[in-house]
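All chains should be modelled from the sequences, with the hints used to inform the complete structure.
There are 8 protein chains.
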Amino acid sequence: MSTNGYLTDRLTPDNTGILLVDHQTGLILGVQDHDQNQVRRNAQALARTAKVFGLPVVATTSAPQGPNGPLLPELVAELPEGTPIIHRSGEVDAFEDPAFEAAVSAMNRPNLVIAGVITDVCLMFASLSALGLGYKVHSVLDASGTTNKLARETSLLRLQHAGATLNSTVGVISELLRDWKSPGGRGTADVFSSLAMPFYGAVTASHAAASNAG
Amino acid sequence: MSTNGYLTDRLTPDNTGILLVDHQTGLILGVQDHDQNQVRRNAQALARTAKVFGLPVVATTSAPQGPNGPLLPELVAELPEGTPIIHRSGEVDAFEDPAFEAAVSAMNRPNLVIAGVITDVCLMFASLSALGLGYKVHSVLDASGTTNKLARETSLLRLQHAGATLNSTVGVISELLRDWKSPGGRGTADVFSSLAMPFYGAVTASHAAASNAG
Amino acid sequence: MSTNGYLTDRLTPDNTGILLVDHQTGLILGVQDHDQNQVRRNAQALARTAKVFGLPVVATTSAPQGPNGPLLPELVAELPEGTPIIHRSGEVDAFEDPAFEAAVSAMNRPNLVIAGVITDVCLMFASLSALGLGYKVHSVLDASGTTNKLARETSLLRLQHAGATLNSTVGVISELLRDWKSPGGRGTADVFSSLAMPFYGAVTASHAAASNAG
Amino acid sequence: MSTNGYLTDRLTPDNTGILLVDHQTGLILGVQDHDQNQVRRNAQALARTAKVFGLPVVATTSAPQGPNGPLLPELVAELPEGTPIIHRSGEVDAFEDPAFEAAVSAMNRPNLVIAGVITDVCLMFASLSALGLGYKVHSVLDASGTTNKLARETSLLRLQHAGATLNSTVGVISELLRDWKSPGGRGTADVFSSLAMPFYGAVTASHAAASNAG
Amino acid sequence: MSTNGYLTDRLTPDNTGILLVDHQTGLILGVQDHDQNQVRRNAQALARTAKVFGLPVVATTSAPQGPNGPLLPELVAELPEGTPIIHRSGEVDAFEDPAFEAAVSAMNRPNLVIAGVITDVCLMFASLSALGLGYKVHSVLDASGTTNKLARETSLLRLQHAGATLNSTVGVISELLRDWKSPGGRGTADVFSSLAMPFYGAVTASHAAASNAG
Amino acid sequence: MSTNGYLTDRLTPDNTGILLVDHQTGLILGVQDHDQNQVRRNAQALARTAKVFGLPVVATTSAPQGPNGPLLPELVAELPEGTPIIHRSGEVDAFEDPAFEAAVSAMNRPNLVIAGVITDVCLMFASLSALGLGYKVHSVLDASGTTNKLARETSLLRLQHAGATLNSTVGVISELLRDWKSPGGRGTADVFSSLAMPFYGAVTASHAAASNAG
Amino acid sequence: MSTNGYLTDRLTPDNTGILLVDHQTGLILGVQDHDQNQVRRNAQALARTAKVFGLPVVATTSAPQGPNGPLLPELVAELPEGTPIIHRSGEVDAFEDPAFEAAVSAMNRPNLVIAGVITDVCLMFASLSALGLGYKVHSVLDASGTTNKLARETSLLRLQHAGATLNSTVGVISELLRDWKSPGGRGTADVFSSLAMPFYGAVTASHAAASNAG
Amino acid sequence: MSTNGYLTDRLTPDNTGILLVDHQTGLILGVQDHDQNQVRRNAQALARTAKVFGLPVVATTSAPQGPNGPLLPELVAELPEGTPIIHRSGEVDAFEDPAFEAAVSAMNRPNLVIAGVITDVCLMFASLSALGLGYKVHSVLDASGTTNKLARETSLLRLQHAGATLNSTVGVISELLRDWKSPGGRGTADVFSSLAMPFYGAVTASHAAASNAG
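Those protein sequences? They're chains G, L, Y, A, X, D, V and S, same order as listed. Heads up: the first sequence is residues 1 to 214, going by the working numbering. Heads up: the second sequence is residues 1 to 214, going by the working numbering. Heads up: the third sequence is residues 1 to 214, going by the working numbering. Heads up: the fourth sequence is residues 1 to 214, going by the working numbering. Heads up: the fifth sequence is residues 1 to 214, going by the working numbering. Heads up: the sixth sequence is residues 1 to 214, going by the working numbering. Heads up: the seventh sequence is residues 1 to 214, going by the working numbering. Heads up: the eighth sequence is residues 1 to 214, going by the working numbering.
Hint data in this document are derived by calculation from the structure and do not stem from the laboratory. Heads up, a few of these hints could be off.
Claimed, not checked - Here are the simulated lysine to aspartate or glutamate pairs, EDC-like style, with alpha carbons at most 16 angstroms apart:
1. A/Lys149 - D/Asp35
2. X/Lys149 - G/Glu153
3. S/Lys181 - G/Glu96
4. X/Lys181 - V/Asp97
5. L/Lys149 - Y/Glu96
6. D/Lys149 - L/Asp35
7. X/Lys149 - V/Glu153
8. D/Lys149 - G/Asp35
9. X/Lys149 - L/Asp35
10. V/Lys181 - S/Asp190
11. Y/Lys149 - V/Asp35
12. V/Lys51 - V/Asp14
13. D/Lys149 - L/Glu153
14. D/Lys149 - A/Glu153
15. Y/Lys149 - A/Asp35
16. Y/Lys181 - L/Asp35
17. S/Lys149 - V/Glu153
Because the structure is a prediction, the values reported are computed rather than measured.
Spelled out as structure tokens, the structure:
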């Protein structure tokens, strides 16, 4: 039996860093396996979560001067101040750029939460290399995306087999939160309502209105 | 042959008003026939479009103190200043509330662009009554939503048969814009990129980056 | 322009009767074009609505001793007391059974709300015959079902072309209700929450809890 | 109001003929808008129905020596004895082959039930030409198929607009049957159970077993 | 080879308890990966099953005074009398609330059947913690739900990897039943027909009618 | 009865022109209602068809210097030599650019086959204006595309109501071909196999191999 | 590395038996996770395959006098002569009926190919018990079916984890065939064309026609 | 922890060979689990990739004189010059043909990238045998296809369990590329834009136009 690190390596604000790989304006346009807007909002949610819990983030792009395009402006707007953004000149696997590996290493966190576009390349190689370097890896599938469903199904099983913990955006945030009474509770509610689970914003507004009127 | 009013009654900033019917926090949660977030964004897009082109808007809610909940806060934030919001106490068809009919009448616009949640009730009855009152009606289906696909398919055909012009959010905005060189061009680009067609934001950011680097 | 009878022949408790055609235990098992349970719940919703507004109902079955099976027991349980149930011995079109036509005629209602399984046969022929007899017909698609999507798409267009008003369960009930402050408001809320739109039950329970706690 | 011929031109064994257009082994392989096997079974069902009710059938192929391939062998096996099979040498619209038009004319039936592969070509042109020649046309969509969903959606609306009655396989058969107590009842049950609605075979077998054991 | 506990730890009325985690009126509204009503009915089915077989149940909620809302009233109505309902004040993982862990421990059952909304948080953490505490865990996916398909796919693989037995509502009940001739047979048939597999109610009613008539 | 122009205005090489509206590299990336590659291939198919039958074509772009991007290079490569490409500086409706209207008028063809990206704007307005100018219009839906399914469903019904003939790429080509024995037969087979119906290429290659070996 | 028995325990006519579990007329009607007809045809395909290769088969039913209904008549028609059909009186897991276990044991085959309706119960328990008894198990998913997609997804992973080889109908048959030149080649082609892959019948008929004409 | 060979056996132009199994004109027509054209384009992409990186390829067919048909002509056109094409006379598992095994062995590459039609037979057995022979295997699912979704889901898990690395076309190419600055960068961009990810062609053309204009 394994609980995939949940009991022994639970994600906490102290032991976790976030890697956002190649959420670029050109690449996002190729996401066809699920809702592009969800990928966008979930990547933003991870960035805003980093601010809520004080997590370090490293962002990276692949050849942003070329057709891949710049990092999503709406994601840039959510990154914690000072987040290193490593612009790779050609390395497909982000960890093959020494600047990226150094930035990750400087975070000094054993648990890495990774999302990337496209799933079967940018997320995949970053996750596999991180595992190889001894990190615990949470691959966040719904903040990643790819060009067809089979590429996604394939990636899930390859990542599972390689030892990554497959996770969702809300799953990661909830593991970090641990208790709604903690200081991060209010910020988490905002991340859920605005970005990761918009239905929750509607439920919350309904509740507030009824409570005030009650 | 009919061109459904396009040549003779084309939507312009001068002849068009917008009705937003029951986009409430409780009702939106029942939208299951397509993406709730898209309904939300498209309703916001119509509201922001009103500001771009100076169109009058009337918003309305059904029993917002009850389970239907308040108007979506993110939609309220987009409404033009001074937009009348008519809170109906129980009338299912918005036009059966004299305050709503008066507010619509006060807009003095022959063309009404209508969106509503849920499609087969709130959008339907407002559209049918408006047609009965002699308005030209554009029912905006992708800014509306309902609880199942059959209710939507049914509604499209009932609206078509009743003489409403079936339209999309982007179709309405483009008919109002008419020429990208007009003053509304910049605002339309913003509405498209942020709300009605988020892919367009990515395309635009890619273009800007390449142009600057070029 | 036509508003499909909405302004001139609006459904009211006084001018409307409901026909439930062949919702039998054997036939329901062939519904594959959308959720069987939704068909079931919507047929029940129409029956319970009849009690809320005092509408007459006629139910009918086709050869219930044979493989088509008996009327759905959960639907029988919802029928208003005294509802005639006409067991046809073989007529495919319910109106070809004189007992059925007499029962419908005895309702003395110009507007007929019709649902049936399967859509392209039982709902179709009853709707076409009723139109031929001079009734206004509302064909309720989401309380009906058939064996494949193409049979449904085909049926919608045939019914539209024949002059039936295509409607949804919730659309019919809302047109009958007209105002939530009317006596039928409470019963309608129950029909929506328990049968026609179960999400509404959750929204309502959330609202009640928040109001009480507020 | 129109009831699309149901009351005035109801399909009967005496006034109806069936046209099966280009159900060939090469063309069937391109059907992607719904289940190929359903198209196959429904075309067979129409052929077997012709035998049940004594309807005339004309079948036709387009260049069967070429890649379109021969008529489906399983369909040939169901055709009534003596059915003319018109092998066209190149005419896309079957009615442009005089031999086909003559064979149809020789049936001397005012109502034509037409199915064809592919929908937007073979079914479409045969239906439009038949309408032009003054026939009443029932286009049977679920015994036809095409290469993508948009081609089908487009075809439904073009056929509706042109005045064809859109129908399903089971809808056609049931209109012909009219009463299960008639001589065709037994044969219809067989067509439904084996071909047009296989679920009905299971329901029937369950019923028989329970009745015998009861 | 492993048979996932089936041979050595088969679920029996004596060794099994049920945990229902956060089936609340606010959270259920976010379920978008499959049919909300199915989640609802399956959670009810597990509760009613507990009564059929005399299994202990522990239910829990997360901040039910807030937007998550109260436990689904229709689920409360199905819980065995005396079922402890642990209202957590903020702990995301139910097992971090000592009252919950104590209630579970008091059941004294090595096998835990767990369902929860949302899948990737409430079901996930409860399942992982239960595994960590040494319980055998059956995670019941179709009595759980989440906000998108990727979150579900991710959760299935994470749970599988962690050692949970992935199961369905009907799978759990059938393993408990073991033999339809046992005392629980009648109650199981009711749970299947009314809640877990409504088609079975239609099949059963058809059978009863045919047997009586036979 | 109408046959939508099929008998009286059948598309022929002499009476038909093709308009390709805004198939640009930026806009194509927003197509989400069906397969982008199919839109691409079908637009190419129409262009190559023009060469097969000697039809005139007018292509147009909207602000190709901006984010909409240049005309698809693979489409440019298929255009008949000398095809006018009208680059509009901002007019949403192509017919509002006098150069476009002049180019269309210069074709001197009463029947216009129109495809455009996006469907509810570029195809819609060009089709409506062409109808207003007295052209017969075939709107080719599967060579067009838009951002969501509701925008498409809406557009189909608006175009139908306005009097456009809804058509598919293969439907248009087949109506032009009329007889496979005509000179265009060989070219049509190539267009089908390479672009409009790739399955046909496989069927054709299989047939050729078997014939040669036979 | 494991090759799941392919190299060491490849399915051959000598080492393989087939178990068909509860393909009954009542249960098949609940299959909603994929095409019921495909389940039916694939179960028939396995039975006919047994005759092609001389494999022993054991079929079984659960309470066939009750609502589950008799074994599918079309499957009975395909069973090899003398196939034992074990009618269980209530045991959910077929192996808990000694007569079934004896019949399986009498086959004396180390590899069991198992299909069952419903997947998460009938197929599942038979597969798990067979694994526990030391058999190699191939669970044939596309000859099995269940009531919802989540029940299927869950079952695949539970079976994988338990050590069953997940397989398809065509995969099993092809492993048995091994070489098209072997005596079973002709029979396999028939099984593929008529039952397991009907497209193959069309391809074959096209080929034959072209070869003869070539 | 395993990284599935990524760190220790990364795919490089020196250690990798490609096997293309049975991409034949008859078999491709049976692909129904995802887009046939995507399978086609991805198989072509792998072939063109071989030329970009100088990888050896072995192609094979099963009974190409029969209904399976010849190798796809568009794939033949992409194969590197001199690619051995092994025409098997009947062996289902390509490795059972000594000529195929010899050709693979002659490549002398420890890593085999394999795609095949159909997935559960041609890809499956080649992958399992290659694993048995000691090769590292990357099974490329989106360059393979089969007749139904369950056959695919089943195959993914069987391949995963057997030790194959599940991969996508773009994943394989990117692992080979490793750095866009390497000599293969330009060729890879072409493969992506023309075949494996057509959206990338649009993004690239937009970028080029904007850069030139910038």
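We went through each hint and held it up to the structure:
Taking the CA atoms of A/Lys149 and D/Asp35, the gap is near 10 angstroms; set against the 16 angstroms cutoff, the hint holds. A hinted pair counts as satisfied when its Cα atoms are at most 16 angstroms apart, and X/Lys149 with G/Glu153 qualifies at roughly 12 angstroms. Restraint check for S/Lys181 and G/Glu96: the C-alpha separation of about 13 angstroms stays at or below 16 angstroms, so the hint holds. Restraint check for X/Lys181 and V/Asp97: the C-alpha separation of about 13 angstroms stays at or below 16 angstroms, so the hint holds.
Distance restraint check for L/Lys149 and Y/Glu96: the Cα-Cα separation of roughly 32 angstroms exceeds the 16 angstroms cut-off, and the hinted pair is therefore not satisfied. A threshold of 16 angstroms between alpha carbons decides the hint, and for D/Lys149 with L/Asp35 the separation of about 10 angstroms falls inside it, so the pair holds. Restraint check: the Cα-Cα separation between X/Lys149 and V/Glu153 comes to about 12 angstroms, which is no more than 16 angstroms; the hinted pair holds. Proposed proximity of D/Lys149 and G/Asp35 is supported: the alpha carbons are some 13 angstroms apart, at most 16 angstroms.
A threshold of 16 angstroms between alpha carbons decides the hint, and for X/Lys149 with L/Asp35 the separation of about 13 angstroms falls inside it, so the pair holds. Pair hint V/Lys181 plus S/Asp190 does not hold up; C-alpha atoms about 42 angstroms apart against a cutoff of 16 angstroms. For the given pair, Y/Lys149 sits about 13 angstroms from V/Asp35 by alpha-carbon distance, which is consistent with the 16 angstroms threshold. Of the pairs offered as hints, the one joining V/Lys51 and V/Asp14 holds, with about 13 angstroms between alpha carbons and a cut-off of 16 angstroms not exceeded.
Between D/Lys149 and L/Glu153 the alpha-carbon distance is near 12 angstroms, which keeps this suggested pair within the 16 angstroms criterion. At most 16 angstroms may separate the alpha-carbon atoms for a hinted pair to count; D/Lys149 and A/Glu153 meet this at roughly 12 angstroms. Between Y/Lys149 and A/Asp35, the direct Cα distance comes to roughly 10 angstroms. Compliance with the 16 angstroms bound is thereby established for this hinted pair. For the suggested pair Y/Lys181 and L/Asp35, the alpha carbons sit about 32 angstroms apart, so the restraint of at most 16 angstroms is broken.
With a C-alpha separation of about 12 angstroms, the suggested pairing of S/Lys149 with V/Glu153 holds against the 16 angstroms cut-off.
The structure shown violates the earlier hints numbered 5, 10 and 16.
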